[in-house]
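J.: For reference, the chains in residue letters:
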Amino acid sequence: MPKRYSQALLLCSVIAVLLSGCIFDTTKTSETAATTNPPKETRLNQPAVPPIMKRNGNQVSIEMTAQITNIEISKGETYNAWTFNGTVPGPVLRIKEGDVLTFTLKNKDPNLAHSMDFHAVHAAPSAKFIDVQPNEQGTFTYPANTPGVFMYHCGTKPVLAHIANGMYGMIIVEPKNGYPTDPMVDREYTLVQSEWYEEHDYEQFLNGEPEYVVFNGTDFELMEKPLLAKVGDIVRLYISNAGPNEVSSFHVVGTTMDAVYIDGNPSNVLKGLQTVLLPASGGAVVEFTVTEEGDYPIVTHQFDHASKGAVGILRVTHDGLDHGGQASGH
Amino acid sequence: MPKRYSQALLLCSVIAVLLSGCIFDTTKTSETAATTNPPKETRLNQPAVPPIMKRNGNQVSIEMTAQITNIEISKGETYNAWTFNGTVPGPVLRIKEGDVLTFTLKNKDPNLAHSMDFHAVHAAPSAKFIDVQPNEQGTFTYPANTPGVFMYHCGTKPVLAHIANGMYGMIIVEPKNGYPTDPMVDREYTLVQSEWYEEHDYEQFLNGEPEYVVFNGTDFELMEKPLLAKVGDIVRLYISNAGPNEVSSFHVVGTTMDAVYIDGNPSNVLKGLQTVLLPASGGAVVEFTVTEEGDYPIVTHQFDHASKGAVGILRVTHDGLDHGGQASGH
Amino acid sequence: MPKRYSQALLLCSVIAVLLSGCIFDTTKTSETAATTNPPKETRLNQPAVPPIMKRNGNQVSIEMTAQITNIEISKGETYNAWTFNGTVPGPVLRIKEGDVLTFTLKNKDPNLAHSMDFHAVHAAPSAKFIDVQPNEQGTFTYPANTPGVFMYHCGTKPVLAHIANGMYGMIIVEPKNGYPTDPMVDREYTLVQSEWYEEHDYEQFLNGEPEYVVFNGTDFELMEKPLLAKVGDIVRLYISNAGPNEVSSFHVVGTTMDAVYIDGNPSNVLKGLQTVLLPASGGAVVEFTVTEEGDYPIVTHQFDHASKGAVGILRVTHDGLDHGGQASGH
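Protein chains in written order, with this note's numbering: chain A, 448 to 777; chain B, 448 to 777; chain C, 448 to 777.
For the record, the hints were derived by calculation from the structure and aren't laboratory data. All of these numbers come straight from a predicted model, not from anything done at the bench. Please note that the accuracy of each hint is not assured.
A pair holds if it fits inside one copy or across any two, identical chains being indistinguishable in the list.
[As the list claims (entries may be wrong)] Pairs of lysine-lysine residues, derived as PhoX-like cross-links and limited to a Cα-Cα distance of at most 25 Å, are as follows:
1) K553 / K718
2) K604 / K672
3) K718 / K623
4) K604 / K522
5) K718 / K677
Next comes chain A alone, as it looks inside the complex (with noise of 0.2 Å):
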């Protein structure tokens, strides 16, 4: 890490665990921590809360929260994250293409600043996706002018931070004149891909390995509550790699892509694709044909990664019902 950064980082990390009482888990600092942390029971833990949304014309107004929740990332493992309304990922947000967009950003942490980076406008950062203090709140307005599906984040400093600590979602901005495969689809469901390293760790943010890469913020509720859909169906995935650090392999297994559209952008169309490749914070329009009954597991090819969580399961039926399955232990 550049030198000038990694001391204005730490001393940041630094005020942000005393403030927020988290426990910055480091070799060097565990015997500290352990002894000035509060116990993991008592940190903050706000509810998760809906974001409000209303439309008039093509003015849409959102109103986000900034908060810390406690999220179950895998059975019986919880991170203290920092979220937008207390969810990882944060709301899938909706919109048009042509869409102005007035958003409200309440920032419910008591300790630390938050902003909001949507992926999907026009925007002088400086001015519009800038922090909001504690207890604060900020509004922004900004046209969303390009179809697809884009990420939105925290781009508050250290913002590896933020993102690693749940801050992140997926925003669609419908296409003015759809997508030509439209009719066809008969489904269609949202995937965020994401990383969760060592908790509140920065140095394993920056050069670890994650510990869990998973769909929706969780490695387990994909396996458990699989998609659903009938024989015969084609499929929509609206997809989104969030990161913080890793490219994404991302395949469903038993079919092929009949179209991807490469950051939803309707003009930019592959067909026939096994597997599409996503970067940190790319995202994609992925439809495909399931043709028999079953189980099809949907994964990043990257197998280090899917054998970390990154394994969702698309049950497909006669009728589009769940009736149990073998991923789900039935």
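Keeping the supplied structure of chain A fixed, place chains B and C upon it in accordance with the hints.
T.: Same frame as chain A, now just chains B and C:
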């Protein structure tokens, strides 16, 4: 790794080790392993056998084996690999768009279940990519309706171990109407990139750096026995990146790519690339012109990986025959 | 690393160290190195010189140097780099599709051979990308018939060391008929992403994490001297990812990309991207509109890398001049 899996995987690994007699070399278990595992020379080493392929109209039957075979991955360095048919990568399969495959897997591994996941077909994985038990065989039928260059691999859990230990290969599905550039291509070759880690070391597969990154299973064969072409040829490569973990920045030194078909689909054409990025499990058809006599290295331009073996030589001569060259030490 | 290479490379490295007096800092050799290597201030530091470029019709002659020069890669941190012409990256070269290049490399490094591998040309590497010995020069001729944004680099073995130590740059081959978007573009810049590892530490190049990931060789210049644009401008960036090891998830905060030409080829156009993924050695032309006054960070969205320095600022003002801003501390 998610903890609920790690225990199951550890158990699987331990059982696999005990049963197969593989040296499972970790710092934690090496002491025990050193005393309980048989010496290297007594390990199972089943001779390679060709696959059996028969065609009747568009009905294609393929019979392959899962087996344990020593693979020389570098000069004097042998890996006791899990293989299809005794080679790594397994045999290149070549069928046509619209074929219906009847595939039989004979599992000659006395200790572990194996399976076959063809990226080229439409099939319910929970019904048709299922485990075949030791000394048994399974037969499955599915259509191959998407043209391209696809990966196949063992899909038995833990998938990461089955791929990292050698169970992968390439299946080409020729497009019904060919590629627009078919008339120009003078010769073609197949290349599969993959990684080798510390032998049978699951922790290294998950979190380590590869020891070797190679084309077609070894780090020397394509240096000593170069691919050949004639001055002026347009050369086509069918390429696949088996991973299991890394992406590939595929590059041919001394030329640019006239055409690249992403995942080998005639619809997905890019022109004039210097380097094509393959996801883990991604493929491509790559075509380029060689204009002068000499040796053209083929690499992944991720040079840590090229330095670990992923270098091949394309030798270009006036008549397309090998007259020796720098690269092989002549 | 394949063993047959590792010994040769180790030998090369040792010779290089002894000859050049570089500090070759490994745990194994540091004791010896500390006593046998000259102190930092006495290391070779050849002043930067401009390349010499002459055109006669479509015949272009270029003369460049290989030389050893101290590069300030971060504030107060100097790397004794292997360079082209004394800068890292080397000078940006700009020629036209259809040019024939006559290239001369003057090797001013008294100790090591160097060479030039242009990704933009057709040439037999074993004849025209060959080593030029210390204090000698070599001249080579080849055509540049593919338009785009290409990497050039030293191709002398071990290539990884020559790239990691600084020998790379960008060559733009302007398309004969331009880009369809040429009339709309208001201003353009060039950016080369690359990694710095522990100085001259081959083991770190092979298996380590980068210490810095930077644009145009340093982690501070594009923060302190931002790129400039005017409100409403369409900005074009020519970008190249030199690696040596990592891919880039290139992103401009606050906008989406109107057009992206993969590897700079007018045929390979993508629309509306939030982020473009570059392989190691890949390039692109990226165009976007800036609609408001303010600072727009440019990053790789692999945020471990951005946190290590790969952040630049594009400053947008009403008149396109720099009036100071947040990012530079004003």
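J.: Each hint: holds or not?
T.: These are the hints, each one checked on the structure:
1. Taking the shortest Cα distances, K553 and K718 never come within 25 Å of each other, neither inside one copy (42 Å) nor across copies (33 Å).
2. Proximity of K604 and K672 under a CA criterion of 25 Å is satisfied inter-copy only: 20 Å between copies versus 36 Å inside one chain copy.
3. For a Cα distance limit of 25 Å, the shortest separation of K718 from K623 qualifies both inside one copy, at 22 Å, and across copies, at 15 Å.
4. Taking the closest pair of Cα atoms, K604 and K522 come within 25 Å of each other only across two copies (20 Å); inside a single copy the shortest separation is 31 Å, beyond that limit.
5. With identical chains, the CA atoms of K718 and K677 are at most 25 Å apart within one copy only, with a shortest distance of 22 Å there and 33 Å across copies.
When held up to the earlier numbered hints, the structure conflicts with hint 1 and nothing else.
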